[in-house]
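Go by the hints and put chain B onto chain A.
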Amino acid sequence: DSGVTQTPKHLITATGQRVTLRCSPRSGDLSVYWYQQSLDQGLQFLIQYYNGEERAKGNILERFSAQQFPDLHSELNLSSLELGDSALYFCASSVAGSGGPQETQYFGPGTRLLVL
Amino acid sequence: AQTVTQSQPEMSVQEAETVTLSCTYDTSENNYYLFWYKQPPSRQMILVIRQEAYKQQNATENRFSVNFQKAAKSFSLKISDSQLGDTAMYFCAFKGDSGYALNFGKGTSLLVTP
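If you read the sequences in order, they're chains A and B. At the far end of the first sequence sits residue 116, using our numbering, and the numbering has no gaps. At the far end of the second sequence sits residue 1114, using our numbering, and the numbering has no gaps.
Here chain A stands alone, though its shape is the one from the complex (with noise of 0.2 Å):
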């Protein structure tokens, strides 16, 4: 168990809906990242909060987004689904979120997301 968490771990929605995923960080860290892994594109990065703020994107959907709330958990919204967006949704989670060994990212179990 990495300590982070979450929610939930499966969902089964329709094309052109919206849904949001829960991420609690391990606690102590301040960082959290999203990552999509689907079969065709692997294991891809898609957006890092620190401590409340945005602080890196990568490949995230505009129809994508993402906040982190004062008590450090996180939500990633996904919205106008496609059949396409269909994949495993992790949260990992860092102490920092800068630099050094501290840098290790933990991740939670995962969400995977069933587009129909």
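FYI, nobody ran anything at the bench for these hints, they're computed from the structure. Each hint can be trusted.
Chain A stretches covered by chain B per the calculated footprint, using a threshold of three residues with CB under 8 Å from any CB of chain B:
no., region
1, 55-63
2, 107-114
One side only, chain B facing chain A, incomplete, derived with CB under 7 Å:
no., residue
3, Arg1043
4, Tyr1100
5, Phe1104
The C-beta atom is built at its ideal place from N, Cα and C for all residues, glycine as well.
The following block gives chain B in isolation, referenced to the frame of chain A:
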């Protein structure tokens, strides 16, 4: 941009034997961090081992060790005394000192057989 290449899509090893998974990367940065993550059938991503590029000594964690060749930009994972529970997808990942995200390879599927 940094790229991470895992040239072995699938590997198989017998229980108690030793296996080495390959990983190469491309970067212009001098300081960076390398990781191996394991993803068993449960799909959880589990950190196996990490290496800081400025450390010449190869990292070791119990049965897992790495062979880090900075000049060759190579970072292989050796699993000794393989166990059935080692069956998983193994991902090599790179994080530059100037970046925040992990760049992952496409993974190597390892099957440990009795």
